[in-house]
Amino acid sequence: DIQMTQSPASLSASLGETVTIECRASEDIYNGLAWYQQKPGKSPQLLIYNANSLHTGVPSRFSGSGSGTQYSLKINSLQSEDVASYFCQQYYDYPYTFGAGTKLELK
Amino acid sequence: EVKLVESGGGLVQPGRSLKLSCAASGFSFNDYWMGWVRQAPGKGLEWIGEINQDSSTINYTPSLKDKFTISRDNAQNTLYLQMSKLGSEDTAIYYCAREVSYIYVGYFDYWGQGVMVTVSS
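Note that the protein sequences, when read in sequence, are chains V and C.
Per this note's numbering: the first sequence = residues 1 to 107.
Per this note's numbering: the second sequence = residues 1 to 121.
Worth double-checking, as some hints may not be accurate.
[As the list claims (entries may be wrong)] What follows is a list of derived Cβ distance ranges for each label pair:
id, chain 1, residue 1, chain 2, residue 2, range
1, C, Val2, V, Val83, 20 to 28 Å
2, V, Gly41, C, Ser56, 32 to 40 Å
3, V, Lys42, C, Gly26, 16 to 24 Å
4, V, Ser77, C, Ser55, 41 to 49 Å
5, C, Ser88, V, Thr5, 23 to 31 Å
6, C, Gly15, V, Gln3, 41 to 49 Å
7, C, Ser88, V, Thr56, 36 to 44 Å
8, V, Ser14, C, Pro14, 41 to 49 Å
9, V, Leu54, C, Ser17, 27 to 35 Å
10, C, Ile58, V, Ser12, 22 to 30 Å
Calculated directly from the structure, the hints in this document are not laboratory data.
Just so it is clear, CB atoms sit at the ideal spot from N, CA and C, and this is done for glycine as well.
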């Protein structure tokens, strides 16, 4: 199985700040990566697919980048509604696997 | 509006079986792959498996392949997850999700609200 190592596990940031979350795959996943946001008590919501494509309706302050085994999610100008957990998922190979998640809180 | 509504969860005794349903609306159900993902309390996400449009291809995570069965009824716009030999490790919120799937691609663009399954005596 492809292991997805996500960092940091938790993150505290101020409103307006830029935050970056990283995901490292145990082997090359050729941009087969999605990012999801999960607010407390809610289901996950797709943010980014194919490593850098923004899902419909997702604010442009979210962006994804990376290649090979290293990927990142960047949130520009952090808003209060961005408080959530974030998960990466690789879908290059079966079984699909997720990162352990990053919990983002406001400072 | 895409809507996915899971049902059938609850408290079940160890070793027993349970079948979850996911009612889909707001899109052409038989045009999409569908999948199941679960989340143990306070934990991360675990992919269970997926099914293609005509049920000819079903993939599972290896550790659950002999316990769980995914099926669908396109006439009823419903996805199913049959779970057997349940143990405490299966206690989780179970989500159904619509999948965008083609070669080397399989991400979930819409998710249901989830249904809780608790395995306990």
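The hints, checked one at a time:
no.	hint	in the structure
1	Val2(C) x Val83(V): 20 to 28 Å	25 Å, holds
2	Gly41(V) x Ser56(C): 32 to 40 Å	37 Å, holds
3	Lys42(V) x Gly26(C): 16 to 24 Å	18 Å, holds
4	Ser77(V) x Ser55(C): 41 to 49 Å	45 Å, holds
5	Ser88(C) x Thr5(V): 23 to 31 Å	27 Å, holds
6	Gly15(C) x Gln3(V): 41 to 49 Å	31 Å, violated
7	Ser88(C) x Thr56(V): 36 to 44 Å	39 Å, holds
8	Ser14(V) x Pro14(C): 41 to 49 Å	47 Å, holds
9	Leu54(V) x Ser17(C): 27 to 35 Å	41 Å, violated
10	Ile58(C) x Ser12(V): 22 to 30 Å	42 Å, violated
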